[in-house]
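Listed in order, the protein sequences are those of chains A and B.
For any residue, its number in UniProt numbering is found by taking its place in the first sequence, counting from 1, and adding 17.
For any residue, its number in UniProt numbering is found by taking its place in the second sequence, counting from 1, and adding 17.
Since the hints were made in silico from the structure, they are not lab data.
Do not take every clue at face value.
One copy or two, either will do: identical chains are not told apart, so a pair holds if it fits within one copy or between any two.
Straight-line alpha carbon distances no greater than 20 Å define the calculated SDA-like cross-link-like pairs of lysine to any residue that follow [said to hold, decoys possible]:
1) K362 <-> F309
2) K66 <-> K258
3) K227 <-> L134
4) K55 <-> Q261
5) K313 <-> L364
Listed here are the chains, written in short residue letters.
Number of protein chains: 2
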Amino acid sequence: AVAAPAIAQSAPEINWRLTSSFPKSLDTIYGAAEVFAKYVSDATDGKFKIQVFPAGELAPGLEAANEVSKGTVEICHTCSYYYWGKDPAFAFGTAVPFGLNSRMQNAWMYHGGGIELMNEFYAGHNLFGLPCGNTGAQMGGWFRKEIKTVDDLKGVKMRIAGFAGKVMSGVGVVPQQIAGGEIYPALEKGTIDAAEWVGPYDDEKLGFYKVAPYYYYPGWWEGGAYLHIMINTEKWNSLPKNYQAIVWAAAQAANSDTQAKYDFLNPTALKKLAASGAQLRPYPQDVLEACFASAKAAYEEISASNAAFKKMYDAMSAVRADQYLWFQVSEHTFDTFMMNQQRKKAL
Amino acid sequence: AVAAPAIAQSAPEINWRLTSSFPKSLDTIYGAAEVFAKYVSDATDGKFKIQVFPAGELAPGLEAANEVSKGTVEICHTCSYYYWGKDPAFAFGTAVPFGLNSRMQNAWMYHGGGIELMNEFYAGHNLFGLPCGNTGAQMGGWFRKEIKTVDDLKGVKMRIAGFAGKVMSGVGVVPQQIAGGEIYPALEKGTIDAAEWVGPYDDEKLGFYKVAPYYYYPGWWEGGAYLHIMINTEKWNSLPKNYQAIVWAAAQAANSDTQAKYDFLNPTALKKLAASGAQLRPYPQDVLEACFASAKAAYEEISASNAAFKKMYDAMSAVRADQYLWFQVSEHTFDTFMMNQQRKKAL
């Protein structure tokens with residue numbers, strides 16, 4: 018018998034469809050999947066093609082991973098925490114309240130065993146996941162009225178979902194689930210009082226500043242929010258080793274690329290928003306402290322009944338304490354000095 | 018004529034040698050090139066092999082890019098600012114005093130035109146460069162005596178090179194050029210009074226805390242120091258497009274991976290150093306202000322006579338002002354709150 022040329026094994030033609038959880042208009046988030054797919058295609062001379070579809074074409078945005086899990090679509094680009102309702106442990110794949118910032122997420126995932134830990138869990142849902150994009154610390158949302166103290170949050174109807182909604186409800190907020198496109202009219206009519214979205218670049222497109230001008234920070238529930246590609250387990254296992262390696266490197270590169278894109282675009286958007294009338298406000302210290310306490314109670318409550326959640330919480334917490342110890346030394350001191358120069362217009 | 022199979026074009030066997038500027042013992046910096054080379058090899062099923070050699074085997078560490086420029090070696094992994102003596106514009110590829118932090122470097126390079134701008138310049142040296150690793154904000158060096166005010170820097174013999182050395186000389190420091198292996202004995206004998214290296218993980222290996230216990234921060238001359246792969250221009254142009262794409266993605270992935278590795282390893286090393294007697298000290302505010310002024314004067318002096326340097330300085334400065342405006346909003350507020358929780362042992 019004559020052996021088939023090795024190349025037939027290592028460079029098969031493969032076509033996958035990717036269902037994104039995001040609309041095309043969000044070129045940052047949606048674009049992360051396109052960057053990933055382009056890296057894969059270019060690396061394989063077009064032999065491994067992944068076609069990206071916006072939310073709604075192959076699956077609704079919040080159903081992306083469910084369809085991949087069933088095998089109706091090979092791969093999706095989504096937020097792991099969208100599936101919090103199935104199991105709260107999904108939250109750790111994206112961001113958890115008072116969790117890690119973007120660099121710390123990478124430290125945990127790529128060198129602290131995070132990717133392996135998440136995939137032990139994802140495997141139970143027939144998924145293989147890799148980080149593919151990060152927004153950095155998000156903003157804390159748009160409010161129709163100013164929040165001066167934690168009491169001002171009582172009864173506030175806020176569009177905020179999942180784990181963050183649960184923590185917010187602990188300080189009196191009434192969380193609302195509303196799709197992206199319906200937020201603006203709901204704020205305008207006063208059906209809701211507040212809404213969180215992402216950060217300046219994405220938020221500016223939706224025009225919230227016109228109807229809810231108080232723009233709070235930080236988004237303490239998303240200090241470094243990951244996006245993920247999630248691949249059907251059998252589809253992932255069916256790839257030749259070199260294609261798996263290309264997917265890994267392409268996702269890691271697109272992960273970093275997306276953070277860089279957000280970081281580059283956000284400053285200009287922030288200036289535009291401020292010029293358009295957005296009123297920037299830090300959350301008052303007592304609000305942050307109350308939310309931190311509410312988050313701690315929520316972590317403990319869920320940990321008591323969910324072993325996978327507890328395992329991830331314990332792992333994240335250990336990394337978190339070390340990371341915030343170190344980052345406050347050189348990194349934070351450098352940034353703080355430079356920010357002071359910026360405020361003095363010395364840069 | 019029968020066309021050759023496309024595959025012969027797109028998957029040729031290629032063997033390159035990579036000369037690293039670093040010793041194997043620095044698994045962080047040296048390891049970045051190994052991660053990069055592994056990604057390339059795995060993506061091509063072993064057809065494109067890049068063998069990594071430590072400093073000294075193919076070329077001295079500080080000569081790596083010079084050998085690649087001449088074409089004696091195909092590729093190196095180095096710090097662009099090592100070649101500051103040839104042209105100060107090389108500095109912008111790594112880090113410049115009071116420049117950008119690691120995330121901002123990525124924003125500038127990948128989305129703000131930085132990679133293109135650097136390569137316009139590198140092309141004149143027969144090099145094509147891509148970021149491949151970042152240390153994050155480095156530490157500010159080890160001192161035998163405490164520095165309480167800028168006057169304490171007068172006459173201090175410090176192992177610090179390049180642009181940082183020039184800025185330090187503006188505040189009275191006497192910069193010294195000493196190779197890595199000779200720093201410890203020089204500090205021990207008192208031939209020098211201070212030395213800068215990298216950060217906790219790398220510094221701990223060299224044992225400086227025993228002979229120069231005052232460990233200052235931040236390393237304001239390296240707020241986010243890049244490593245680069247640099248490829249001989251003809252060699253880069255000779256690669257098939259898919260191999261170029263693989264090199265690009267592998268370098269971007271390894272860039273992020275190295276930062277993640279540093280971030281994961283530094284906290285433990287910092288704790289070990291503190292337990293071993295290292296005395297952590299922030300640079301006094303007047304030292305930072307004096308160095309900032311000295312840096313500004315140096316930027317202006319060099320810009321006056323070097324057009325490439327001025328072009329990069331202007332581009333970096335514009336990005337820098339915007340970045341530090343934005344980062345002080347959500348990112349810095351989130352980090353600061355979390356660091357306060359860490360200090361209260363609440364994490």
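* For the identical chains here, do K55 and Q261 meet the 20 Å Cα criterion within one copy, between copies, both, or neither? -> both (15 Å within a copy, 13 Å between copies)
* K313 and L364: within-copy, between-copy, both or neither at 20 Å Cα -> between (40 Å within a copy, 9 Å between copies)
* Within, between, both or neither: K66, K258 at alpha-carbon 20 Å -> both (16 Å within a copy, 16 Å between copies)
* Asked: Are the CA atoms of K227 and L134 at most 20 Å apart within a copy, between copies, both, or neither?
  -> Result: close neither inside a copy nor across copies, 43 Å intra and 39 Å inter.
* To do: Measure nothing new, just compare the shortest in-copy and cross-copy C-alpha distances for K362 and F309 to 20 Å and report within, between, both or neither.
  => Between copies only: 13 Å across, 34 Å inside.
Hint 3 alone, counting from the list given before, is not met by this structure.
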